[in-house]
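S.K.: Given next are the chains, with one letter for each unit.
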Amino acid sequence: MVEGVISLVQSLVNGLLTGGIYAMVGIGLSLVFGVMRVINFAHGEFLALGMYLTLWLFRATGLDPFLAIPIVVLAGGALGWVTNRVLVGPMASGPEKGYILMTVGIGLVISNGLLLGFGAHPQSIYTSYSTATFQLAGVSFSLPLTLSFAITVVVIAALYGMLNRTELGRAIRATAQNPAAAELQGIDTQRVRNAVFAIGVALASLAGVLLLPVLYVIPTVGSVFTRKAFVVTVLGGMGNVLGAIGGGLLLGVAESLGATYLSSGYRDAFGLIAFLLVLLLRPAGLFGRSQA
Amino acid sequence: MLEVREIDAFYGPVQVLWEVSFRVEAGELVTLVGANGAGKTTTLRVLSGLLHPRRGQVLFEGKPIHHLPAHRVTDLGLALIPEGRQLFPDMTVEENLLTGSYLPRARRSRAESLARVYQAFPRLKERRHQLAGSLSGGEQQMLAIGRALMSQPRLLMLDEPSLGLAPLLVKEVFRIVEEIRAQGVTVLLVEQNVTQALAVADRAYVLENGRITLEGSGPELLGDERVRAAYLGI
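Line by line, the protein sequences give chains A and B.
Heads up: the first sequence begins at 1 in the working numbering, then just goes up one per residue.
Heads up: the second sequence begins at 293 in the working numbering, then just goes up one per residue.
No wet-lab data here; the hints were simulated from the structure.
One thing to keep in mind: the hints can contain errors.
Pulled a few chain A residues facing chain B out of the computed Cβ check, cut under 8 Å [as the list claims (entries may be wrong)]: (1) 3; (2) 173; (3) 178; (4) 180; (5) 181; (6) 185; (7) 262.
Since the model is a prediction, treat every value here as computed from it, not as a measurement.
The beta-carbon is built from N, C-alpha and C at its ideal position, and this holds for glycine as well.
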């Protein structure tokens, strides 16, 4: 009986820790959609790019993945800015097909570039703390995953504060709510869109670093995370940053419970099943306002 | 201060403005009147940089501005209060106002601007933590005016500020427009409410089917038979 409770709590803990990172992946996608009305189909590939950059830094210089965070985040932000400025931004005002093909294409270029550069075999980083755990009331916490979760909490809180308290945050929300009116207030909405895309890609790259210690990476890992980000975003309501937190945690827990009690081989499927159930019951997402 | 020279504007393949020319001198209150669909809103979209004309020029203090994006035009001191207010509905009243002073040149005197707007519109101060989307129509119009004033414009353009308001509020809006002008801001007012617009205007232009067809002082046009027949129903 006691063992059963502990195993349940253990599964929930594992699910919440991973779910926090899923939330961060989803927030990046959701923010971009909220401001630009563009679904970035390459979102997961940017995450994969963050993973491989960390892997490469580790192999080349022995830099610890957690210490690589500033480099990877800055590189991701710069790449996001340029990508939107040159590739996605010009398509965003045109018909939907244009930007969908563009972002799908960017994703294909990234994943095939990774395949070319790193090969198809699964790779991972092994550090001294990769398998380290600590115990709390009989439940064991993975050290790297707990650290990743803590970083996620800090980053999401900082992002939330930025959106609500700073000039840039107000400009981002104004652009999301009414782009023409934002321009009339003197806001350069094209720059705001570049900044938001940069933030989205930086968050995806950061999630890539945080997941690296607990995951094998292959060049196609991106498509899995694009799908997860999409699930998180839809669960939380498109464009709803706070909702994405709930969506991420729910996805993490659903996967973890499914893996513990049903079959660990179908881990990814349980998240999608939970997703379908939520959509059947609440088509606007968990926190979405219905469009009645 | 503002000179519009033979503007042709299009929405896609459809031409909306034909050789529209007019001018606004510093300190004036000029109104552009006309029926629904005459091209009044399109004219303001061109002046504010939201729509670029295919031919013609817009000069603001002698410099061409018709090729600039809207945020640059606002930075030059030309503010538009768009039709339907276009507030940020999920931001509070105060956040809407702060967004109005986003530009660095307006940010410097943000505190004084905010105090002045709250003094002019005490209702906005009472409701400063409320979401803009929850305000009444009249309060929303006050907020739209306040937000535009936060950018410290030298030329203020208003698109149908009286639209959808009760008669008492319409009077209030016109009083505010005159007050803004009295404080030294040049005003370009676009209205369907022809009588009241002509009554407050120094000069006026009539826009018909995308062309300027008449111009004159406010009282002149108010007495013009064509205007009376077409817009005042007399």
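S.K.: Compare the structure with each hint and give your call.
M.R.: Here is how each hint holds up against the structure:
no.: 1; hint: 3; in the structure: violated, 48 Å
no.: 2; hint: 173; in the structure: holds, 6 Å
no.: 3; hint: 178; in the structure: holds, 6 Å
no.: 4; hint: 180; in the structure: holds, 6 Å
no.: 5; hint: 181; in the structure: holds, 4 Å
no.: 6; hint: 185; in the structure: holds, 5 Å
no.: 7; hint: 262; in the structure: violated, 40 Å
The structure fails hints 1 and 7 (numbered hints given earlier, in ascending order).
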